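A.B. asks: As given, the protein sequences belong to chains A and B, one line each in that order. Following this note's numbering, the numbering of the first sequence begins with 1 at its first residue and continues without gaps. Following this note's numbering, the numbering of the second sequence begins with 1 at its first residue and continues without gaps.
To be clear, the hints were calculated from the coordinates, so they are not data collected in a lab. Keep in mind that this is a model prediction, so the values were computed, not measured. Accuracy of the hints is not assured; some may be wrong.
Pairs of lysine to any residue residues, derived as SDA-like cross-links and limited to a Cα-Cα distance of at most 20 angstroms, are as follows [what the hints assert, rightly or not]:
| hint | chain 1 | residue 1 | chain 2 | residue 2 |
| --- | --- | --- | --- | --- |
| 1 | B | 137 | A | 238 |
| 2 | A | 294 | A | 195 |
| 3 | A | 175 | B | 255 |
| 4 | B | 168 | A | 59 |
| 5 | B | 137 | A | 284 |
| 6 | B | 168 | B | 254 |
| 7 | A | 141 | B | 447 |
| 8 | B | 168 | A | 58 |
| 9 | A | 175 | B | 447 |
| 10 | A | 253 | A | 175 |
| 11 | A | 296 | B | 254 |
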Amino acid sequence: MSAVLKPATEAELRGMIAAAQAPLEIIGSGARRHIGHPVQAAAVLDMSGFTGVIAYEPEELILDVHAGTRLSEIESMLGRRGQQLAFEPPDFSRLLGAAQSGSIGGLVASNLSGPRRIKAGAVRDHILGVHGVTGAGNVFKAGARVVKNVTGYDMPKLLTGSWGTLAALTSVILKVLPAPETEETVALSGLDDAQAVEAMSLAMQSACEVSAAACIPGEAVYLRLEGIAPSVAYRRDRLGKALRRPIEVMAAKSSAAKWQAIRDGAMFAENPGHPLWRVSVAPSDAPGMIRMLKDKLDIRYLLDWAGGLVWLEVPPSHDASAALVRSAFTAGHATLIRAPETTRAAIDVFQPQAPALAALTGRVKDAFDPRRILNPGRMYRGL
Amino acid sequence: MLTMPVPDESAIRRRAGIAAALRRIVPGEGVIEAPVEMRAFETDGLTAYRQMPLVVVLPETVAQVSAILRYAYENAIKVVPRGAGTSLSGGALPLADGILLGMARFNRVLEIDYANRCAVVQPGVTNLAITRAVEHKGFYYAPDPSSQIACTIGGNVAENSGGVHCLKYGLTANNVLGIEMVLVTGEVIRLGGKHLDSEGYDLLGVMTGSEGLLGVVTEVTVRILQKPETARAVLVGFPTSEDAGRCVADVISAGIIPGGMEMMDRPAIHAAEDFVHAGYPLDVEALLIVELDGPQAEVDHLIGRVSGIARANNSSTLRISTSEEERMLFWAGRKAAFPAVGRISPDYLCMDGTIPRKRLPEVLQGMAELSRIHRLRVANVFHAGDGNLHPLILFDANDADELDRAEKFGADILRLCVKVGGVLTGEHGVGIEKRDLMPEMFSEQDLAQQMRVKCAFDDKGLLNPGKVFPTLHRCAELGRMHVKGGALPFPEIPRF
Numbered sequence: 001m002s003a004v005l006k007p008a009t010e011a012e013l014r015g016m017i018a019a020a021q022a023p024l025e026i027i028g029s030g031a032r033r034h035i036g037h038p039v040q041a042a043a044v045l046d047m048s049g050f051t052g053v054i055a056y057e058p059e060e061l062i063l064d065v066h067a068g069t070r071l072s073e074i075e076s077m078l079g080r081r082g083q084q085l086a087f088e089p090p091d092f093s094r095l096l097g098a099a100q101s102g103s104i105g106g107l108v109a110s111n112l113s114g115p116r117r118i119k120a121g122a123v124r125d126h127i128l129g130v131h132g133v134t135g136a137g138n139v140f141k142a143g144a145r146v147v148k149n150v151t152g153y154d155m156p157k158l159l160t161g162s163w164g165t166l167a168a169l170t171s172v173i174l175k176v177l178p179a180p181e182t183e184e185t186v187a188l189s190g191l192d193d194a195q196a197v198e199a200m201s202l203a204m205q206s207a208c209e210v211s212a213a214a215c216i217p218g219e220a221v222y223l224r225l226e227g228i229a230p231s232v233a234y235r236r237d238r239l240g241k242a243l244r245r246p247i248e249v250m251a252a253k254s255s256a257a258k259w260q261a262i263r264d265g266a267m268f269a270e271n272p273g274h275p276l277w278r279v280s281v282a283p284s285d286a287p288g289m290i291r292m293l294k295d296k297l298d299i300r301y302l303l304d305w306a307g308g309l310v311w312l313e314v315p316p317s318h319d320a321s322a323a324l325v326r327s328a329f330t331a332g333h334a335t336l337i338r339a340p341e342t343t344r345a346a347i348d349v350f351q352p353q354a355p356a357l358a359a360l361t362g363r364v365k366d367a368f369d370p371r372r373i374l375n376p377g378r379m380y381r382g383l
Numbered sequence: 001m002l003t004m005p006v007p008d009e010s011a012i013r014r015r016a017g018i019a020a021a022l023r024r025i026v027p028g029e030g031v032i033e034a035p036v037e038m039r040a041f042e043t044d045g046l047t048a049y050r051q052m053p054l055v056v057v058l059p060e061t062v063a064q065v066s067a068i069l070r071y072a073y074e075n076a077i078k079v080v081p082r083g084a085g086t087s088l089s090g091g092a093l094p095l096a097d098g099i100l101l102g103m104a105r106f107n108r109v110l111e112i113d114y115a116n117r118c119a120v121v122q123p124g125v126t127n128l129a130i131t132r133a134v135e136h137k138g139f140y141y142a143p144d145p146s147s148q149i150a151c152t153i154g155g156n157v158a159e160n161s162g163g164v165h166c167l168k169y170g171l172t173a174n175n176v177l178g179i180e181m182v183l184v185t186g187e188v189i190r191l192g193g194k195h196l197d198s199e200g201y202d203l204l205g206v207m208t209g210s211e212g213l214l215g216v217v218t219e220v221t222v223r224i225l226q227k228p229e230t231a232r233a234v235l236v237g238f239p240t241s242e243d244a245g246r247c248v249a250d251v252i253s254a255g256i257i258p259g260g261m262e263m264m265d266r267p268a269i270h271a272a273e274d275f276v277h278a279g280y281p282l283d284v285e286a287l288l289i290v291e292l293d294g295p296q297a298e299v300d301h302l303i304g305r306v307s308g309i310a311r312a313n314n315s316s317t318l319r320i321s322t323s324e325e326e327r328m329l330f331w332a333g334r335k336a337a338f339p340a341v342g343r344i345s346p347d348y349l350c351m352d353g354t355i356p357r358k359r360l361p362e363v364l365q366g367m368a369e370l371s372r373i374h375r376l377r378v379a380n381v382f383h384a385g386d387g388n389l390h391p392l393i394l395f396d397a398n399d400a401d402e403l404d405r406a407e408k409f410g411a412d413i414l415r416l417c418v419k420v421g422g423v424l425t426g427e428h429g430v431g432i433e434k435r436d437l438m439p440e441m442f443s444e445q446d447l448a449q450q451m452r453v454k455c456a457f458d459d460k461g462l463l464n465p466g467k468v469f470p471t472l473h474r475c476a477e478l479g480r481m482h483v484k485g486g487a488l489p490f491p492e493i494p495r496f
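So that you can see chain A by itself, here it is in the shape it has in the complex (with noise of 0.2 angstroms):
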């Protein structure tokens, strides 16, 4: 087992990465810590010690907040003043066997976001300002607690979805937004993929603001109307128009906890053997890779993001049919999100990258870790 290091202060973290003579893997909770190429590190670096809210000021629309603090903190506190995090964020610990949802640094650092992602955006655009201690312990910070900043690179997008290669981050500025004040959920049944990702299409393109849109083989294709109560039905019976075909409505309570098991992924829990992929494509290219697929693997699927997201879990196998996974599409990128360690540790879990790009993604990890302190390889091999 290797050492924990568990610093109290940032001058702590700084002290420890500068010192560091061996790489680190670092942790929030660990709650998605077997996403991603397995690390080999001397030492674990848990930031469990920077807890805690800076400030949160629900009318300014901006949280700052430590990055070990509980994601379940964080959202009954904003949930106490009708505010939430508008991308959605998912709770994998099911999915994953972890024992929480995990902390919002680690939410940060992996750009995961839920079913609203189509509309609201994702983790990367609600991120207004990091602090954090570099690679090549550097100090530093980025962004401010306002809402709109262009003022230098965009760093917070940048550390966002970089899965701790490349900073330890202390905290976090995130932009907040008022919660809805009801949902309803329209549901239509009997359709195939390819009609399915049409009516999401037909869905997405009207004035309905439809704020998810996803389909369960065999179920059913789901879209979520939020928003109050006037104009949830009002919107309802305009899509139901829009669709022609015949609905049925889901209120609040049946709605919510439909797109929460979508969001985590529930039906997948139950086969933690099989290796489980996130597939982003452009919606109207789904049908086409499942139909490929499905000739040549038993697999079984759900379609999120109107499309543009397919969870695609496989059969067991030493390298989670990741050619055939990826061979089955052309623009886009598979993510292994869950198999054991030696396949994680034998295959690409994030898309490769093309020559050029690759080398242009190992100039930015230079740029913060030069010497390959922080989660080396966890995205992609010498990185």
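Position chain B against the provided structure of chain A, taking the given hints into account.
C.D. replies: Structure of chain B alone, referenced to chain A:
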């Protein structure tokens, strides 16, 4: 006046050879070197600064852009990328020793994909032209900078442009799905596409708003949205800016994110009303336009709630638009605010700080004091929802002392913004205008980290130097701040 890096005399001496080399890459009329013809490129939207470029090149293909950059890289010649040249911060100001790389000929809409709600366009397409290309199907491109009729989408990506609707619909960064770009080495890469998010680092996020310092965009995929079903506006006058500021906070606290929420102060109200006669009240200190857009049922409901909040905050006048004409009239004054101020003053500087909204009254008060100190008038328009201030400083550029005072006044305003927890620029970019103020907001360490990112893209510092960063550093010098010995440590650790 701001100063630019000392030009490289050897590049200037090689000018004829450089032009000839560029002509071999872009034949015909794509290379401009006659001073009279280059005059059109000597400035951008920050017209107080002018500089003739070394030579202008207007490529038409990605291969040409790649060849130009590779040539510049191999010969260590600086390059300034340019869209329509509407930057208000001097981002496209030419360099005496630099090639001006104009992207205006990349002006085609390549694909409109309604099923996936996106459009693929060349970078020289104007912002408004994207909306024009899709509006017959009820779609539009959301970010709407005030220069949208002229500014290009490539320039929007470079500056991460905003507009009056970005509180609800986001800035350019939130509406661009992908780009194709050319690195300074000539390598062509793609970031994003019609799909969402990035497989690796969010380099698209870094490129957006990088002000031409990291690469040249050659294709852009943008999100298009269905137009809101309807829009209505409320025009509210307040006896004090505190009342108006509290009204804005209360609207947001009530869970309402308006499509637009704009504030004007007394000088801006008077200038606008004199110019367009929008029917603005003249006996108020602050005027607020709150626009609600979306489904009819929602807009009708929310307009009532916003009106109630305004009355509860001591509004002295309140009008709700009852027709599209009336809504447009409410906006007419705000949209004409800049030319209206241009009528009452020979010149004006448009500033662009963002502040935490709750600090607005003290910032306005501070600005009034600065106005007395610098003996220049100021009018304020304000994207109130997101805290983005546009103070317009009135001056006469023919009076060198006034220009000097105007710039000092502007710098003092931005310092004040930073002091209250805000930032130097909300949507116009740093360019040359705010370059020397960067240390007000960032430590040396913070700036060094940004410059290391610059080095990852542009190790010779050839792309748009003299912009954004107050000092130029060699990349090796930045690297020495952390690399020790140069060798990779810990060879004993097994690798994949």
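A.B. asks: Determine for every hint whether it applies to the structure shown.
C.D. replies: For each hint, the structure was consulted:
Between residue 137 of chain B and residue 238 of chain A, the direct Cα distance comes to roughly 17 angstroms. Compliance with the 20 angstroms bound is thereby established for this hinted pair. At roughly 17 angstroms between alpha-carbon atoms, residue 294 of chain A and residue 195 of chain A fall within 20 angstroms of each other, so this suggested pair holds. Restraint check for residue 175 of chain A and residue 255 of chain B: satisfied, since their Cα atoms lie roughly 14 angstroms apart, inside the 20 angstroms limit. Of the pairs offered as hints, the one joining residue 168 of chain B and residue 59 of chain A holds, with about 15 angstroms between alpha carbons and a cut-off of 20 angstroms not exceeded.
With a C-alpha separation of about 19 angstroms, the suggested pairing of residue 137 of chain B with residue 284 of chain A holds against the 20 angstroms cut-off. Of the pairs offered as hints, the one joining residue 168 of chain B and residue 254 of chain B holds, with about 15 angstroms between alpha carbons and a cut-off of 20 angstroms not exceeded. Restraint check for residue 141 of chain A and residue 447 of chain B: satisfied, since their Cα atoms lie roughly 9 angstroms apart, inside the 20 angstroms limit. A hinted pair counts as satisfied when its Cα atoms are at most 20 angstroms apart, and residue 168 of chain B with residue 58 of chain A qualifies at roughly 16 angstroms.
Between the alpha carbons of residue 175 of chain A and residue 447 of chain B the distance comes to roughly 24 angstroms, so the proposed pair goes past 20 angstroms and is violated. For the hint linking residue 253 of chain A to residue 175 of chain A, the alpha-carbon distance of about 26 angstroms lies beyond 20 angstroms, and the restraint is violated. A C-alpha spacing of about 53 angstroms is found between residue 296 of chain A and residue 254 of chain B, which places the hinted pair above 20 angstroms, so the restraint is violated.
Of the numbered hints stated above, those contradicted by the structure are hints 9, 10 and 11, listed in ascending order.
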